[in-house]
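Modelling step: build the complete structure from the supplied sequences, incorporating the hints.
Here is how the chains run, residue by residue.
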Amino acid sequence: MTTTVTAGARRPTAPRQRGGAGRWIREHLVTMFGILALIYLFVPIFVVVMFSFNDPTGRFNYTWVRFSFSAWADPCGISGMCDALLVSLKIGVLATIVATILGTLAAFAMARHRFRGRAVANLLVFLPMATPEVVAGSSLLTLFINLGMPLGQTTIFIAHVMFCVSFVIVTVKARLAGMDPRLEQAAMDLYANRVQTFTKVTWPLVLPGIVSGAMLSFSLSFDDFIITNFNAGQTVTFPMFVWGAYQRALPVQINVVGTAMLLVALILVVLGRLISKLRAR
Amino acid sequence: MSIAAALPAGGHHAPSAGPAPSSRSKFTPYFLLLPAGLALIVFYVLPTLTLATTSLQTGSLEQGYTLTWHWPTYGEVLSQYWPQFARSFGYAAGATILALLIAYPLAYTIAFKAGRFRTLMLTLVVAPFFTSFLIRTLAWRQILADEGPVVSFMKATGLMHLTDALGMTQGRVLATGLAVVIGLAYNFLPFMTLPLYNSLEKIDRGLLKASEDLYANSWTTFWKVTWPLSLPGVVGGTLLTFIPAAGDYVNQQFLGTISNTMTGNAIDSLFLQQRQYPQAAALSLVLMVAIIVLVSVYVKRAGTEELV
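Protein chains in written order, with our numbering: chain D, 76 to 356; chain Y, 314 to 621.
Please note that the accuracy of each hint is not assured.
Among chain Y residues calculated to face chain D with C-beta under 7 Å, some are [stated by the list, open to error]:
1) 346
2) 360
3) 426
4) 614
Just a few of them, taken from the derived set where beta-carbon distance is under 10 Å, the chain Y residues facing chain D [stated by the list, open to error]:
5) 355
6) 406
7) 418
8) 455
9) 558
10) 571
11) 572
Using 25 Å as the maximum straight-line C-alpha spacing, the simulated DMTMM-like pairs for lysine to aspartate or glutamate come out as follows [stated by the list, open to error]:
12) 165(D) / 149(D)
13) 537(Y) / 102(D)
14) 537(Y) / 526(Y)
15) 339(Y) / 375(Y)
16) 275(D) / 255(D)
17) 515(Y) / 264(D)
18) 515(Y) / 255(D)
19) 339(Y) / 264(D)
20) 426(Y) / 102(D)
21) 522(Y) / 102(D)
These are calculated hints, taken from the structure and not from any lab test. Heads up, the beta-carbon is just placed ideally off N, CA and C, and yes, glycines get one too.
What follows is the structure, encoded as structure tokens:
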């Protein structure tokens with residue numbers, strides 16, 4: 076933080092710059108581009124939110140007609156959409172729970188222990204994150220085809236656990252790596268046994284990492300389309316509903332869900348900041 | 314990383330360094346790794362193998378497919394789908410460059426100019442991605458639509474004549490390759506911005522000051538100091554953008570047209586509509602190998618072994 080302040084304060088005192096408006100523009104050109112980029116990021120979001128209040132004439136919510144609350148008043152008015160949402164929520168929660176448990180255990184092993192095959196383990200964790208989704212999704216499909224396993228919620232769940240585990244491992248590992256080992260040593264020095272050290276010191280310190288790993292997992296699972304599409308069979312998740320709807324009809328309710336997702340996530344971020352501020356006090 | 318390396322030495326490694334390491338501490342990491350490791354081996358490594366064997370099968374959906382080590386499938390899919398391959402890599406490269414051009418000033422602003430707004434700006438960078446990927450892409454369909462704001466602006470300013478002449482647009486933006494590239498660049502922008510921010514933020518401000526003291530102007534300082542030091546972020550960001558973009562087909566489906574499909578579209582349709590599993594598997598495997606080869610050449614040329 077202090078470095079930023081000094082860097083900012085240094086600018087105006089730089090003596091070798093020519094004065095005038097040209098200089099001001101040159102100095103702030105990058106910042107202007109940065110702010111433009113930020114605005115650009117929000118253009119589609121603005122469209123998503125705006126069109127959730129649209130009242131389109133046809134089946135497709137593509138052109139603006141008039142302002143209306145009707146879709147917000149009746150979010151489940153489209154057949155199949157809320158069922159698809161429930162499927163996505165269910166798979167998201169289950170996959171997150173399993174991936175978080177598996178990932179946290181593995182992260183402890185990888186951050187806290189030296190063992191043979193560490194490099195292999197690292198590679199095994201890294202590869203699923205570096206594989207394009209089409210390849211990961213289609214590979215899993217060939218496995219299920221070869222095993223004769225029927226496609227459905229179970230296969231989607233398996234696929235989601237597979238790609239979420241790596242993200243949980245990386246997140247929790249980073250948290251463990253950033254922890255001060257002296258805190259645990261201090262607990263041991265103060266005659267805490269292994270279990271007490273873990274429950275009183277290690278666990279509370281790692282928990283934020285586990286929570287962010289779980290949240291990342293849930294958002295990846297809830298929003299996944301490509302891998303799910305390959306392994307879903309007849310099951311329809313919310314992203315698959317949007318994919319199907321895009322060809323037949325595009326109801327306003329889809330934008331309502333898109334806007335609601337954004338709101339829920341922003342509320343969670345603000346709550347998270349508040350909690351960490353309160354804990355810091 | 315240094316703390317992680319130091320940890321086992323202080324905590325767990327010390328006892329096992331003795332003459333007789335207890336079996337408990339020796340096997341603990343393997344027990345902890347077992348569930349996740351098994352999941353990744355059974356549902357990541359094994360599927361990669363079944364993908365390979367499926368690509369060498371022959372038969373039909375009705376009679377079933379059997380492994381006959383039929384290599385010619387690879388030649389067939391390559392000769393039939395090379396335009397899709399070319400577009401996948403072309404669009405992904407275009408999207409990566411566009412994302413870099415947008416993300417660099419953004420990451421630079423956050424790292425050097427944002428001051429106390431830094432956390433807020435970082436949150437704003439990821440906030441648009443809290444909503445659904447597909448819904449975001451559909452929004453681009455509305456923005457780039459024929460009667461939409463972008464096309465009207467381009468027509469009014471005459472920009473459309475220029476892009477038409479360059480072959481980027483055809484009197485419209487939607488359904489062209491440009492629309493797909495714009496969608497891809499947008500959707501993977503955080504993957505570019507965050508690694509760039511990470512490496513820019515780490516740069517010692519003293520080096521920039523030193524460069525200025527040695528009479529370098531801000532342009533020279535950028536190219537001689539800031540840019541080289543941000544290269545790990547550039548490499549990481551371009552990889553994290555290029556890899557998913559090359560495999561994506563959602564942007565193409567929503568923003569492109571039937572005549573500019575990518576490899577992902579072909580894999581999807583071969584697997585799920587035409588059910589020609591061997592061809593589909595071969596195509597998928599070729600895509601993965603091509604990406605791995607491209608990425609390793611790129612990482613070598615970029616001169617950094619630091620991935621992500």
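For the pair supplied as a hint, residue 275(D) and residue 255(D), is the alpha-carbon distance within the 25 Å limit?
-> holds (15 Å)
Given hint residue 360(Y) near chain D, where the shortest CB pair must fall under 7 Å = holds (4 Å)
Pairwise hint evaluation, residue 255(D) against residue 515(Y), where the allowed Cα distance is 25 Å at most | holds (20 Å)
Would the stated hint for residue 426(Y) survive a check requiring a Cβ distance to chain D of less than 7 Å?
-> holds (5 Å)
Under the criterion that the straight-line Cα-Cα distance not exceed 25 Å, is the pair residue 426(Y), residue 102(D) satisfied?
-> The given pair, whose Cα atoms are some 11 Å apart, holds under the 25 Å limit.
Identify whether the interface hint at residue 346(Y) stands, where standing means a beta carbon of chain D within less than 7 Å of its own.
-> holds (5 Å)
Please work out if residue 339(Y) and residue 264(D) have their alpha carbons no farther apart than 25 Å.
-> holds (23 Å)
Closer than 10 Å between Cβ atoms is the bar; does residue 558(Y) clear it against chain D? Give me holds or violated.
-> holds (9 Å)
Compare the distance between the alpha carbons of residue 515(Y) and residue 264(D) with 25 Å, and conclude whether the hinted pair is satisfied.
-> violated (35 Å)
Is the shortest C-beta separation between residue 572(Y) and chain D less than 10 Å?
-> Result: violated, 18 Å to nearest chain D Cβ.
Compare the distance between the alpha carbons of residue 537(Y) and residue 526(Y) with 25 Å, and conclude whether the hinted pair is satisfied.
-> holds (14 Å)
Given the hint that residue 522(Y) pairs with residue 102(D), test it: the Cα-Cα distance must not exceed 25 Å.
-> holds (15 Å)
Against the hints set out earlier in the document, violations occur for numbers 4, 6, 10, 11, 15 and 17.
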